[in-house]
Amino acid sequence: MTVLGVTLLALLLQDAGSVSGTVHFPENGKSRPRLKIRYPEQTPRQEMKEQPFSPALVYLEGAAPAKPAEDVVEIKQEGLQFQPRAVVVQRGMRVSFPNLDKEYHNVFSYSKAKRFDLGRFPRGETREVTFDETGLVRVFCEIHEHMRAFVLVVDTSCYAAASPEGRFMLPKVPVGSYTLVAWHEQYEPVRQKVEVKAAGAQIDVTFARAAPAAEGQERALGCCRGVRAESGP
Amino acid sequence: MMGGFLWACLAACQGADEPEDWLDWARSIGESDLSLRLGEFQADLSGELVLKGFFFAPHAPGISMEEAAIRARHYDPFRKVSSPQMGGRLETILDASYQDWLEASLDLRADRGISSESGKDFDARLEQYWLRATPPGQSCVHVELGKFAAPFGNFIARSSATQNPFPTFPLPYDHVTSFVYATDTPAEILSRRNGPQSKEQRVPVWEELYAHGAMIFGNVGDVRYAAAVMNSAPASWPYDWELRASDYRIPSVYLRASMALDISTSVGASFARGPYSKWNDYWIPAGRQATDFNQTVWGLDASFSLGHLELFAEGIFSSFQTAFANTLELWTYYAEAKYTFLPGFYGALRLGQIRFGSMRDPSGGTVPWDRDTTRLEIGAGWFFTKNFFVKASYQFNDAIGGDLPTENMLMLELVLGY
Numbered sequence: 001m002t003v004l005g006v007t008l009l010a011l012l013l014q015d016a017g018s019v020s021g022t023v024h025f026p027e028n029g030k031s032r033p034r035l036k037i038r039y040p041e042q043t044p045r046q047e048m049k050e051q052p053f054s055p056a057l058v059y060l061e062g063a064a065p066a067k068p069a070e071d072v073v074e075i076k077q078e079g080l081q082f083q084p085r086a087v088v089v090q091r092g093m094r095v096s097f098p099n100l101d102k103e104y105h106n107v108f109s110y111s112k113a114k115r116f117d118l119g120r121f122p123r124g125e126t127r128e129v130t131f132d133e134t135g136l137v138r139v140f141c142e143i144h145e146h147m148r149a150f151v152l153v154v155d156t157s158c159y160a161a162a163s164p165e166g167r168f169m170l171p172k173v174p175v176g177s178y179t180l181v182a183w184h185e186q187y188e189p190v191r192q193k194v195e196v197k198a199a200g201a202q203i204d205v206t207f208a209r210a211a212p213a214a215e216g217q218e219r220a221l222g223c224c225r226g227v228r229a230e231s232g233p
Numbered sequence: 234m235m236g237g238f239l240w241a242c243l244a245a246c247q248g249a250d251e252p253e254d255w256l257d258w259a260r261s262i263g264e265s266d267l268s269l270r271l272g273e274f275q276a277d278l279s280g281e282l283v284l285k286g287f288f289f290a291p292h293a294p295g296i297s298m299e300e301a302a303i304r305a306r307h308y309d310p311f312r313k314v315s316s317p318q319m320g321g322r323l324e325t326i327l328d329a330s331y332q333d334w335l336e337a338s339l340d341l342r343a344d345r346g347i348s349s350e351s352g353k354d355f356d357a358r359l360e361q362y363w364l365r366a367t368p369p370g371q372s373c374v375h376v377e378l379g380k381f382a383a384p385f386g387n388f389i390a391r392s393s394a395t396q397n398p399f400p401t402f403p404l405p406y407d408h409v410t411s412f413v414y415a416t417d418t419p420a421e422i423l424s425r426r427n428g429p430q431s432k433e434q435r436v437p438v439w440e441e442l443y444a445h446g447a448m449i450f451g452n453v454g455d456v457r458y459a460a461a462v463m464n465s466a467p468a469s470w471p472y473d474w475e476l477r478a479s480d481y482r483i484p485s486v487y488l489r490a491s492m493a494l495d496i497s498t499s500v501g502a503s504f505a506r507g508p509y510s511k512w513n514d515y516w517i518p519a520g521r522q523a524t525d526f527n528q529t530v531w532g533l534d535a536s537f538s539l540g541h542l543e544l545f546a547e548g549i550f551s552s553f554q555t556a557f558a559n560t561l562e563l564w565t566y567y568a569e570a571k572y573t574f575l576p577g578f579y580g581a582l583r584l585g586q587i588r589f590g591s592m593r594d595p596s597g598g599t600v601p602w603d604r605d606t607t608r609l610e611i612g613a614g615w616f617f618t619k620n621f622f623v624k625a626s627y628q629f630n631d632a633i634g635g636d637l638p639t640e641n642m643l644m645l646e647l648v649l650g651y
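Taken in order, these protein sequences are the chains called V and B. Using this note's numbering, you'd call the opening residue of the first sequence number 1 and step up by one each time. Using this note's numbering, you'd call the opening residue of the second sequence number 234 and step up by one each time.
Treat the hints with care, since some could be wrong.
[To be verified] Chain B stretches covered by chain V per the calculated footprint, using a threshold of three residues with CB under 8 Å from any CB of chain V:
id: 1; segment: 382-389
id: 2; segment: 489-499
id: 3; segment: 528-542
id: 4; segment: 570-580
Bear in mind the hints are in silico, worked out from the structure with no lab data behind them. Built from N, CA and C at the ideal position, the CB exists for glycine as well.
The following block holds chain V by itself, in its conformation from the complex (with noise of 0.2 Å):
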């Protein structure tokens, strides 16, 4: 039965070919969160860094989905920063958060996707929280306000996260028609249709208006009402 099953996916990823392409960010005249001091007391009492490059976040709706990998995906807390600050992971997956600061973190979520608090803990240290429902997950710090990161839980294993030139790539696609949809946090996600032949495809995707608000951008993405891939090709 597993040697079955091994030769039909080898030969459905014969006919596979992969989707690449760029993400063009218009300028939209947001502003960076940014460390708000109200009181001296709020001072850091080290060097923040300057805000990590947003990435743009890509999945193929309609993509099956296989078996989460394994890996654990790491978001740092380093120089008062999350580090990624967004980051796509399959149903099930688990993202880990160490602190590499000097200072205490209080990373949480109240997010419809997913709803956790990890305490505080100290430099060295890390916790994990396995991501179990699809939906768009917002992540906080709870001592230091403008701290924040994006964890995307789609339900497919056709996800990456584009360079910060826009470029990405989504190997062994099975060929197939799918829809790509890509998510930027200053941006209303796109969704855009592609055709995936054995000898791949290329896509171009550019976001126009700026992102609604929690609710409108979940409901753009889809994701967040439990779409499953269950059309795969």
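For this one, chain V is given, so just place chain B on it according to the hints.
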């Protein structure tokens, strides 16, 4: 105004499809991006709507309920109010920055004050406005000018509705004493001990004291420091906080330093000294003036946190120079514990005590100049979303001596941030 705000929130949700759950509207408001960037300049708007319910008998203790009316200068000490009462506040903060060296903030508050003069229940004002410069390459030195919070104690930095686990402030920042004017005689002070308190009497340290002045603050390694000259002392009334209420020739001085012993433990010390009243009333002895009478305040504080536990404590010694009574002294402290049981759900406990020094009474003996009081608060809170939460607390107050009955209070607070 608050009704309009709620209406606008609900209207904003009408435009959306059927919501996924009943809190989507709050999430939408919380994640609304009210920001603007133009080159090196950026600005953003944030704030919160706070609704409070007070259930008490026979009098509401402290100044929590009357605070808004006092700050708005519409407090009516003769107006009778009975339980329950409902108050609220809408706060909008505009933060702006240019490059990394110049920041400014405007804090506009509109609130409903209880015990207000008739017809003046609502008031709006600029609670804070300041300009801050950070010398280039010196991220650990900031210079601030304007109307801002006095740098005293460890509570002001966590006084926002989001961070304060209780709807009320700790006893040292909330308790009303029987002392009012520098010219009070011992008989006047003692007479107030046994009557229903006017909330215009002195508190040891005003909960959020937004006075005018200049401040330098920052950090050197693990030590944070702040030094300020302001036009008000910790016990000054809000009337004295205003720009034109002082000639600034005799300002109050504030000094504060705190140090992290390790990542979990921090200790701090505060000092303030200055004239607590600028009003030269008729009874001030010849050759003296109101600004001759100072309040001196010392504070020591500590905090500890680990995992889901947070502990805070602060002890304060205050003395008031007076014209006809001897120097009036008091000791007060609070200790607070907060534990997060579940994501978004916490419980909290706070103990506060105030002990008053002796004063020569009219008969020649010595008596405490006010009633020693112990306050125990039990509270809990639940965050529906990051910006929409509810808090509740019950306050037990036990005063020693005098004729006033024990005053307890239940408080509920609903907060929506944006």
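Residues of the segment 489-499 of chain B with Cβ under 8 Å from chain V, three needed, outcome: holds (count 5)
With a Cβ-Cβ cutoff of 8 Å, does the segment 528-542 of chain B contain at least three residues near chain V? holds (count 4)
Whether chain V covers the segment 382-389 of chain B (at least 3 residues having a Cβ closer than 8 Å to its Cβ atoms): holds (count 4)
Would you check chain V against the segment 570-580 of chain B, counting CB to CB pairs closer than 8 Å, and say if three or more residues qualify? holds (count 4)
The structure is consistent with each of the numbered hints, conforming to all of them.
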